[in-house]
Amino acid sequence: MLEAVPVEYYLVLSAAVFCIGLFGVLTRRNALMFLMSVELMLNAANINLVAFALYWGELTGQVFVLFTMSLAAAEVAIGIGIILVLYRNYDDVDVTDATTMRW
Amino acid sequence: MAVVPYELLAFLLFALVTVGASLGVVLVRDVWHAALLLGVALLSVAIHYVMLRAEFLAVMQVLVYVGGVLVLITFAVMFTRRVPIEEREGVAE
Amino acid sequence: MFAWFFQFAPAIAVLPFVSFLLALVAGRWLPRKGALAGILATGGSLLLSLGVLAAVVSGHTHEQTLYTFVDAQETFSLTFGILLDQLSAAMLVIVSLIAFLVHVFSLGYMNAEGEPGLPRYYAGLGLFSASMLAFVFADNLLMAFVFFELVGLCSWLLIGHWFRDPAPASAAKKAFLVTRFGDYFFLVGVVAVLVTFGTAQFAGADGFPALAAEAIDAGESFFGLSAEAWVSVIGLLVLGGVIGKSAQFPLHTWLPDAMQGPTPVSALIHAATMVAAGVYLVARMYGFYLLSPTVLGIIAFVGGFTALFAATMGVVKNELKQVLAYSTISQYGYMMLALGAGSYVAAFFHLTTHAIFKALLFLGAGAVIVAMHHDEDMWLMGGLREHMRVTYLTFLAGSLALAGIFPFAGFWSKDEVLFDTLVVGLEQPLLLVAYLMALAAVFVTAFYTIRMVLLTFHGDPRTDVAESPHAVGLSIKAPLVVLGVLAVVAGAINLVPVEKLTGLRVSFLSSFLGSDRGLLTHNAHYVDLRTEYAGYETGAIVSEPVTVLLGVALGFGLAIAGAVAAFLLYRDADPVRHTERLGSIHTLLVHNYYQDEYQVWLAEGLSLRTARAADTFDQGVIDGAVNATSSVSLLSGDRIRRVQTGVVTNYAALVVLGLLALLVGFALYGGWF
Numbered sequence: 000m001l002e003a004v005p006v007e008y009y010l011v012l013s014a015a016v017f018c019i020g021l022f023g024v025l026t027r028r029n030a031l032m033f034l035m036s037v038e039l040m041l042n043a044a045n046i047n048l049v050a051f052a053l054y055w056g057e058l059t060g061q062v063f064v065l066f067t068m069s070l071a072a073a074e075v076a077i078g079i080g081i082i083l084v085l086y087r088n089y090d091d092v093d094v095t096d097a098t099t100m101r102w
Numbered sequence: 000m001a002v003v004p005y006e007l008l009a010f011l012l013f014a015l016v017t018v019g020a021s022l023g024v025v026l027v028r029d030v031w032h033a034a035l036l037l038g039v040a041l042l043s044v045a046i047h048y049v050m051l052r053a054e055f056l057a058v059m060q061v062l063v064y065v066g067g068v069l070v071l072i073t074f075a076v077m078f079t080r081r082v083p084i085e086e087r088e089g090v091a092e
Numbered sequence: 000m001f002a003w004f005f006q007f008a009p010a011i012a013v014l015p016f017v018s019f020l021l022a023l024v025a026g027r028w029l030p031r032k033g034a035l036a037g038i039l040a041t042g043g044s045l046l047l048s049l050g051v052l053a054a055v056v057s058g059h060t061h062e063q064t065l066y067t068f069v070d071a072q073e074t075f076s077l078t079f080g081i082l083l084d085q086l087s088a089a090m091l092v093i094v095s096l097i098a099f100l101v102h103v104f105s106l107g108y109m110n111a112e113g114e115p116g117l118p119r120y121y122a123g124l125g126l127f128s129a130s131m132l133a134f135v136f137a138d139n140l141l142m143a144f145v146f147f148e149l150v151g152l153c154s155w156l157l158i159g160h161w162f163r164d165p166a167p168a169s170a171a172k173k174a175f176l177v178t179r180f181g182d183y184f185f186l187v188g189v190v191a192v193l194v195t196f197g198t199a200q201f202a203g204a205d206g207f208p209a210l211a212a213e214a215i216d217a218g219e220s221f222f223g224l225s226a227e228a229w230v231s232v233i234g235l236l237v238l239g240g241v242i243g244k245s246a247q248f249p250l251h252t253w254l255p256d257a258m259q260g261p262t263p264v265s266a267l268i269h270a271a272t273m274v275a276a277g278v279y280l281v282a283r284m285y286g287f288y289l290l291s292p293t294v295l296g297i298i299a300f301v302g303g304f305t306a307l308f309a310a311t312m313g314v315v316k317n318e319l320k321q322v323l324a325y326s327t328i329s330q331y332g333y334m335m336l337a338l339g340a341g342s343y344v345a346a347f348f349h350l351t352t353h354a355i356f357k358a359l360l361f362l363g364a365g366a367v368i369v370a371m372h373h374d375e376d377m378w379l380m381g382g383l384r385e386h387m388r389v390t391y392l393t394f395l396a397g398s399l400a401l402a403g404i405f406p407f408a409g410f411w412s413k414d415e416v417l418f419d420t421l422v423v424g425l426e427q428p429l430l431l432v433a434y435l436m437a438l439a440a441v442f443v444t445a446f447y448t449i450r451m452v453l454l455t456f457h458g459d460p461r462t463d464v465a466e467s468p469h470a471v472g473l474s475i476k477a478p479l480v481v482l483g484v485l486a487v488v489a490g491a492i493n494l495v496p497v498e499k500l501t502g503l504r505v506s507f508l509s510s511f512l513g514s515d516r517g518l519l520t521h522n523a524h525y526v527d528l529r530t531e532y533a534g535y536e537t538g539a540i541v542s543e544p545v546t547v548l549l550g551v552a553l554g555f556g557l558a559i560a561g562a563v564a565a566f567l568l569y570r571d572a573d574p575v576r577h578t579e580r581l582g583s584i585h586t587l588l589v590h591n592y593y594q595d596e597y598q599v600w601l602a603e604g605l606s607l608r609t610a611r612a613a614d615t616f617d618q619g620v621i622d623g624a625v626n627a628t629s630s631v632s633l634l635s636g637d638r639i640r641r642v643q644t645g646v647v648t649n650y651a652a653l654v655v656l657g658l659l660a661l662l663v664g665f666a667l668y669g670g671w672f
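Protein chains in written order, with numbering that gives the first Met the number 0: chain A, 0 to 102; chain B, 0 to 92; chain C, 0 to 672.
It is worth saying that the hints were derived from the structure and are not from the lab.
Just so you know, these numbers come straight off a predicted model, no measurement behind them.
Incorrect hints may appear among the rest.
Said to hold, decoys possible - DEER-style ranges, computed between Cβ atoms:
| hint | chain 1 | residue 1 | chain 2 | residue 2 | range |
| --- | --- | --- | --- | --- | --- |
| 1 | C | Tyr668 | A | Tyr89 | 39 to 47 angstroms |
| 2 | A | Phe22 | C | Val620 | 30 to 38 angstroms |
| 3 | B | Leu62 | A | Thr26 | 45 to 53 angstroms |
| 4 | C | Ala666 | B | Val3 | 36 to 44 angstroms |
| 5 | C | Ser630 | A | Thr26 | 24 to 32 angstroms |
| 6 | A | Tyr89 | C | Ser630 | 48 to 56 angstroms |
| 7 | A | Thr67 | B | Ala9 | 46 to 54 angstroms |
| 8 | B | Leu7 | A | Thr26 | 49 to 57 angstroms |
Said to hold, decoys possible - With the C-beta cut set under 7 angstroms, the calculated list includes, among others, these residues of chain A facing chain B:
| hint | residue |
| --- | --- |
| 9 | Ala3 |
| 10 | Ala15 |
| 11 | Ile19 |
| 12 | Phe22 |
| 13 | Leu25 |
| 14 | Val37 |
| 15 | Ile46 |
| 16 | Gln61 |
| 17 | Ala72 |
As the list claims (entries may be wrong) - Partial selection, computed: residues in chain A whose CB lies under 7 angstroms from chain B:
| hint | residue |
| --- | --- |
| 18 | Leu12 |
| 19 | Val49 |
| 20 | Ala50 |
| 21 | Met68 |
| 22 | Leu70 |
| 23 | Tyr86 |
By construction, the Cβ of each residue, glycine as well, lies at the ideal position given by its N, Cα and C atoms.
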């Protein structure tokens, strides 16, 4: 029962979701897509943590996931603010537009 | 004897949903569709949590992610929606 | 019975300082613009100095630390104090007397002429007198240095009194810079004395001359040099300041230019204060110089050379004050010669008589200049004796004293200098050379002195001004008379030749300076040191009386010869410019042996070029390196910043790549593959 699903399966799932998120970050130019991809990556990490929490029989991983969730919520709130400002200034949410602060 | 590994089958099923929804998030053109697919992905992750005996986390996942984060993203999508000019004019009329 | 004067001794310098402050702050409202305050102050100083001298004559001395401005525990303390022994007491009288007379004279010279800036002038005079007096009674080398510098500052202020004219302003700068050049070495010498001996006191068994003698006896070594060599080094360093201030070759060039200042100031500078300071300093620390025969030889040689060198330039000068200027340099050469020959008494004797007759000559020249409406060229004068009896007679007395004619003051002192040098020179060939140069200078001195007198006062008036000169007042005549009488009789204080020939005890100055007062600054001690450390021996031609007579005959004969030669050449009613017949030598002398030229070349050609080269090096190489560093940084920064695209995606990709690289690195390192 405990080992019905080997932990490696979850790791593979987590890695897959993480890579998908990373792919999204690297390929999309829409800031909102960035935000969503980051959420995917965070969730991949969470799956990882929860899987290991079960595997080791420790709750630390789950507690960590709680923190990650609150972090993600906060991050999204801030991110929304940034995106709205970006939209107001450039009339778009394309991240490649906002390059005026480089030099 | 051959016991049917229900749990494994469930995992594979939901893993498929998760990966598929995630791929959908990053691949679809429309942001609004992407947001909806993100909701699907997050919910499927909550199911994984249940299977990993983290029921509380699953509840939290639904509450915080689907109920909070996703709503925020939806807001953002709606605020930054690029409406074609002719369509906007049509609304104005 | 006079010892109570000692407690007022600081007032000798404080009184003129108060007059300086008064003239500076309230000179505009003071009667006579500060002249009266100055006269009163220096008069008070003179009275106190006479009291101090009386106390010292009656057998007392005084040494006291007045103020300690750095009280060190481990090393040496720095103090101000007063030392009143025979030398300083006598010098105080000379300085305050001349300062007093110059103040009185200024009343007629400056005030009567309606000069502007009188408060400034009297403030300068007051500070000048105060610093010189404080320098004289200084009990340690550091205090002496401080007031030595103040004297230099005052000379700058006073020579440049008419600073709106370019010539006095530049002369003042030159005087300051040239003496400062010498003082630089003096300062190093002061530090060296303090570091070596831990004290800068002049007198007593704790003084640095006594300590230096002990160190030589003990065979110590300082900084890798033997004590003798180190004493010589310090002596030479201090001598730098002496040569600058006393206008000895090669730092004499400032003095003739200093004639641009008001004439009373010239009298003060040349007779008793600034120039005398150098010679006085050597006399003050004479116990130290006697330890080093090398330095003594240098002093003697420089002195003898300067005496002749400056005298020859005096022959061709046409301005009254220029002649006197070169005679000053020459006469201080005699004093240096005497000091170098180990003759402390003769040097101080000549300093005394010279102070009197040179002050007299300058003040007399001032009177002539007033009479001539500030024209100084002797060729525009002539026949002035008819109109200015007092000035003529006193000036003549001073001139005869300068020329060394019997029985005027200068004869006795110059004869003693020459005699003392001769007897030492008979055993020391180098000193004999110096003696011969000084002897030749006697002839030249007599020649230019008599030439000056004849051109100024004799013959027919050569201009309208000379025919009806401006009358001079009592405040000009009175100092002249006082000094004129002194110039005749001052030689009586030390009639050494008379004593040597007849056995009468008439060398008062010698016995005064020679008596032991326990401070190790008396002449008897110096004679011991001279024999013991400098190794000077005295010789005689046949016997001492014969040598004395021979010396007198040589000195006096040459003086008479010079005077007669000048008289024969310039006695005409309308004299000819004989010196121009000297041809190229005349040109050389008129240009002062091109001393100024080479010094200007040193300053402009060498120093300035070196400075320019250093500046170029600084701007080009040093700054260039700094600028190159910054340009490289700027350029590379400009290139490298292009890496920043501003596109978030790129950054994210870079982060991922970096992470992957780390992973691969760890994997390889950890041996996963």
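Here is how each hint holds up against the structure:
Hint check: Tyr668/C to Tyr89/A, Cβ distance near 44 angstroms, so the stated range 39 to 47 angstroms holds. Separation of Phe22/A from Val620/C is about 57 angstroms and departs from the stated range, judged on CB atoms against 30 to 38 angstroms. Between Leu62/B and Thr26/A the Cβ separation comes to about 31 angstroms, which falls outside the hinted range of 45 to 53 angstroms. Taken as a hint, the range 36 to 44 angstroms holds for the pair Ala666/C and Val3/B, whose Cβ atoms sit roughly 39 angstroms apart.
The hinted range of 24 to 32 angstroms is not satisfied by Ser630/C and Thr26/A, whose Cβ atoms lie roughly 41 angstroms apart. The hint said 48 to 56 angstroms for the Cβ distance between Tyr89/A and Ser630/C, and at roughly 37 angstroms that hint is violated. Checking the proposed 46 to 54 angstroms range against Thr67/A and Ala9/B shows it is violated: the Cβ atoms sit about 24 angstroms from each other. For the pair Leu7/B and Thr26/A, the supplied restraint of 49 to 57 angstroms is violated, since their beta-carbon distance comes to about 33 angstroms.
With a least beta-carbon distance of about 4 angstroms to chain B, the hint placing Ala3/A at the interface is held under the 7 angstroms criterion. Because the smallest distance between the Cβ of Ala15/A and any Cβ of chain B comes to about 5 angstroms, under 7 angstroms, the interface hint for this residue holds. Using the Cβ-Cβ criterion of 7 angstroms, the hint placing Ile19/A at the interface with chain B is satisfied: the shortest such distance is roughly 4 angstroms. The closest approach between the C-beta of Phe22/A and any C-beta of chain B is roughly 6 angstroms, which is under the 7 angstroms cut-off, so the hint is satisfied.
The interface hint given for Leu25/A is violated, since its Cβ lies 10 angstroms from the closest Cβ of chain B, which is over the 7 angstroms cut-off. Interface restraint check for Val37/A: the shortest CB-CB distance to chain B comes to about 11 angstroms, outside 7 angstroms, so the restraint is violated. With its C-beta approaching chain B no nearer than about 6 angstroms, Ile46/A sits inside the 7 angstroms limit, and its interface hint holds. Evaluation of the Gln61/A hint against chain B yields a held restraint, the C-beta minimum of about 5 angstroms falling below 7 angstroms.
For Ala72/A, the interface hint holds, the least distance from its beta-carbon to any beta-carbon of chain B being 5 angstroms, beneath 7 angstroms. At a threshold of 7 angstroms, the smallest CB-CB gap from Leu12/A to chain B is about 5 angstroms, leaving the interface hint in force. At its closest, the beta carbon of Val49/A sits 5 angstroms from a beta carbon of chain B; the interface hint therefore holds under the 7 angstroms criterion. Nearest Cβ of chain B to the Cβ of Ala50/A: about 6 angstroms, under the 7 angstroms cut. The hint holds.
A hinted interface residue such as Met68/A counts as satisfied when its beta carbon comes closer than 7 angstroms to some beta carbon of chain B; here the least separation is about 5 angstroms, so the hint holds. Of the supplied interface hints, the one on Leu70/A is violated, with its beta-carbon coming no nearer than about 10 angstroms to a beta-carbon of chain B, more than 7 angstroms. Satisfaction of the interface hint for Tyr86/A is found here, the shortest Cβ-Cβ separation to chain B being roughly 5 angstroms, below the 7 angstroms cut-off.
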